[in-house]
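*Asks:* Below, each chain spelled out in residue letters.
Protein chains: 2
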Amino acid sequence: MSRAAAPLAGLVAPVPGLSLRRLRIDTYQEPVAYLRSDCPVCRSEGFESRSRIEVWLGERHIVATLNVVHGDWIDVDQLGLSEAAWCALGGSEGAPLRVAHAQPVASMSAVRAKIYGRPLGIDAAQAIVRDVVDGRYSDIELAALITACSGDRMDVAETIALTRAMVAVGQRLHWNSELVVDKHCVGGLPGNRTTLLVVPIVAACGLTIPKTSSRAITSPAGTADTMETLAPVALDLPAMRRVVEREGGCIAWGGAVSLSPADDVLIRVERPLGLDSDGMMVASVLSKKIAAGSTHVVIDIPVGRTAKVRSQQAAHALAHRLDAVGAALGINVSVILSDGSQPVGHGVGPALEAWDVLAVLQNQVGAPDDLRQRALLLAGRVLELGRKAAPGDGHALARSVLDSGAAWRKLQAICEAQGGMRTPPHAAYTHVLTALHQGRLIAIDNRRLARLAKLAGAPKSPAAGLVLHAPLGAMLSAGQPLLTLHAESPGELAYALAYAESQDNIFSIQEA
Amino acid sequence: MSRAAAPLAGLVAPVPGLSLRRLRIDTYQEPVAYLRSDCPVCRSEGFESRSRIEVWLGERHIVATLNVVHGDWIDVDQLGLSEAAWCALGGSEGAPLRVAHAQPVASMSAVRAKIYGRPLGIDAAQAIVRDVVDGRYSDIELAALITACSGDRMDVAETIALTRAMVAVGQRLHWNSELVVDKHCVGGLPGNRTTLLVVPIVAACGLTIPKTSSRAITSPAGTADTMETLAPVALDLPAMRRVVEREGGCIAWGGAVSLSPADDVLIRVERPLGLDSDGMMVASVLSKKIAAGSTHVVIDIPVGRTAKVRSQQAAHALAHRLDAVGAALGINVSVILSDGSQPVGHGVGPALEAWDVLAVLQNQVGAPDDLRQRALLLAGRVLELGRKAAPGDGHALARSVLDSGAAWRKLQAICEAQGGMRTPPHAAYTHVLTALHQGRLIAIDNRRLARLAKLAGAPKSPAAGLVLHAPLGAMLSAGQPLLTLHAESPGELAYALAYAESQDNIFSIQEA
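Protein chains in written order, with the numbering used here: chain A, -19 to 492; chain B, -19 to 492.
If we strip away everything but chain A, and leave its shape as in the complex, we get:
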């Protein structure tokens, strides 16, 4: 449009180089960069706090949110990086860096269009997901995206577009078997650790089940946390492939293989917002299953007042969406609605849940029968879906494999293949909580129970958590044990106890 009327020579102020400093600040997952306010680059580039900047190290770069530092605890020629930024960029202390304004995120215009009511098409979904995976979205932009796609604002067609986009942006595993099965639980039920039973049962029957699981995000234990008390779970893809080719199944941590890189980013904002809409959940679950190469998947939806899905109506709507999106993307989905009114098994916490699993596999007296029955139901359905049992015969086949010890031998073999079987740890500090008065146990608040286990240290302290002593419906006498808290330190035990005493409705006991 125009040209400077005179040459620029002499006008360009020399900008001294910046060097990298790792500040070891954990900003959760958002990459943050720190620059002194009196740093020449800050002024010449017009950077301000909250500017989105590109940080270049040779040919590599990341996009980070800037925090301007007015203090002198960082040097004027240093660019500090948060842990997320440091890990994403690589590099070493003191490495020379360049910085620039980040281009505005082009696909945010598609997000704004969605906010203003335009349906999300496949092109928009792909542009958005690509930018999300490339780390171009700030946390507040992610929050806007997630909000715009929550509630009833994403229909089935949009969910299909988003799922396709999330599949397209990641890798996709292929297996030698034509039929690859999987199971997934929509979550929200403490102790519901059926995966560690279903995988060995169906693998023992000859099916291929390359299972990836998550660590806990808001719960006291994820399946990966529980499995980790029995064997290593941080398998990379070649290791995972070796385990599955040898044993038919694995239970690996999904974070290490990153099957849905978009989901890994979205989740960091979804969780703190407490937004868990059907559309985003279906796209997240099915994109991961498709990326894992699954052809048939059984999805367990626990329904209960304090579970994630709270009504039969909500469960049916979710089931319908799972079916429709699965059909569109060529994956066979079978949904089971299960009882979500109380925790499953006795233990809540990584090691305590592993002990429950071992009791069921080893057919111990006193093994939690609810966990066993749920696992048999799910494994039976998987076996039918995987054509190892005729419709209606899956449950019996699953039971025989469990009762014979074949499933227990298979879990041991899988643990060995994943790097060696371990014995789950025991907590050093325990404390029994008892009923204040006699009566019938009529309700358990899953959410507060989960919080109690977390306060005791789970999942960071793998032996921490709690063990339940009374099921729903039990008649209790005053002073009868309700649960035992387990902790690895006295401070954590005290903290959990204080919480338990401040809450009067984790257990509802109706006097007779």
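Because the hints were derived from the structure by calculation, they are not lab data.
The reader is advised that the hints may include incorrect statements.
What the hints assert, rightly or not - Below, simulated DMTMM-like cross-link-like pairs (lysine to aspartate or glutamate); rule was C-alpha separation at most 20 Å, straight line: (1) K440/B <-> E158/A; (2) K440/A <-> E468/A; (3) K440/A <-> D18/B; (4) K368/B <-> E158/B; (5) K368/A <-> E158/A; (6) K368/A <-> D383/A; (7) K440/B <-> E225/A; (8) K288/B <-> D132/B; (9) K440/A <-> D132/B; (10) K440/B <-> D484/B; (11) K288/A <-> E39/A; (12) K440/A <-> D6/A.
Use these hints to put chain B onto chain A, whose structure you have.
*Replies:* Chain B only, in chain A's frame:
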């Protein structure tokens, strides 16, 4: 529900005290706290990065987002605070602090309900606005709130509820006059500095106009920035009251009087998201006018392809909403749709816009006539609304007050009352950009022009910005000056020049 079966004595780990450290990190407005990962409180409380924590100093407290530090540049017994957190909490270096988990924000359930499709009622709006003002919302929660209320998702009834809630949470000024006028421009037009003309014109006619204005947020100059080159603007409420009682009007920075504390918080996320929906905008504007005690307000909506409001249809929808919400809240709103196709006046940047204002007030030859005409139009409407002129006669009255020098004397008096009149600064470095070829100037991109002025240093460097030499429609010869860049440092000038040369469509010149 239960009680510990044994006393807790001896279980509680002693937690050493934390002391305050000001880290001078500008995280923009979100309060952030920094704790070492090996700090005992971190572990005993189960704090993680992104935890929302309460920081207590005696009886005062704030809610902050936690960043966990794995380095040793902060002591293990220190709690670091970002600037926003430091300013909100008060206190001094080394002051003893206590911390706790923040309660989940209760009103976020109302935000989720809105996301899931429930209309925003007055109770929900009040609970939300109260929590927002109390600093309980994290930035991602604010982003979710704003997204949920954007697009066509907030109807007139919800806008009324939100506006009422925003008025209720702040203070409300009262004046001795029954009739208090105001003017507001929806913005998006560089150089549109009519306030500095309208206020002295209508105050000179005897109306009460306690005007508060914002500083630039995304633009090269806000009205407060421009006024600040002429007089102090950071007046507190008693000072503002003294000025208005003496001179009938003022031009103060709204941030210092905080008439809409909710808006001050929301804006920090609205702007970076680029979400500027009618509902939020109307609630923001009218809540501030009502809080300022205004009874009659003229609202200027510039309409143009690169202005904030881009079509007549959009302008009419916005005007309708302003009318309806104004009527519900008992404030008389009069809307003017104006030409938003090009910048107003010659200068863009705080001081350069002030020089334009002075030229108009002093009736200088070469004073920008477009700025003069817009100001007369708006001032005329305000005078009619304020019953100083009959319908149709306002423009003539405004012109006579401007031509007679009465408006110029009134601005000088207002500046003196605000703390003393100043002469706007001149930039040390200038550079002329010229047309590459002959032709007619058929379009100016307001957004890129604003960016160019910002790169030259505006508004932080008050003398920086640019002066336009050719209006839309002008016939240009090759090499004819288009604009002059003004900067306070050679680096900023070079930076703006580099941007200008990289853009080929700030000015569209059609060859004849």
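*Asks:* The structure should be examined with respect to each hint, and the outcome stated for every one.
*Replies:* Each hint tested on the structure:
1. Between K440/B and E158/A the CA atoms are separated by roughly 64 Å; this puts the pair beyond 20 Å, and the hint is violated.
2. Taking the CA atoms of K440/A and E468/A, the gap is about 10 Å. The hint holds against a cut of 20 Å.
3. A distance of roughly 14 Å separates the Cα atoms of K440/A and D18/B; the hinted pair therefore holds under the 20 Å criterion.
4. Restraint check for K368/B and E158/B: satisfied, since their Cα atoms lie roughly 14 Å apart, inside the 20 Å limit.
5. Between K368/A and E158/A the alpha-carbon distance is near 14 Å, which keeps this suggested pair within the 20 Å criterion.
6. For the suggested pair K368/A and D383/A, the alpha carbons sit about 18 Å apart, so the restraint of at most 20 Å is met.
7. Proposed proximity of K440/B and E225/A is contradicted: the alpha carbons are some 63 Å apart, above 20 Å.
8. Note on K288/B and D132/B: the hinted pairing holds, with a Cα-Cα distance of about 17 Å set against a maximum of 20 Å.
9. For the hint pairing K440/A with D132/B, the CA-to-CA distance comes to about 44 Å; that exceeds 20 Å, so the pair is violated.
10. The suggested pairing of K440/B with D484/B is violated, with an alpha-carbon distance near 26 Å, which exceeds 20 Å.
11. Between K288/A and E39/A, the direct Cα distance comes to roughly 44 Å. Violation of the 20 Å bound is thereby established for this hinted pair.
12. Only pairs whose Cα atoms come within 20 Å are accepted, and K440/A paired with D6/A is accepted, the gap being roughly 16 Å.
The structure does not agree with the numbered hints 1, 7, 9, 10, 11 stated previously, though it agrees with the rest.
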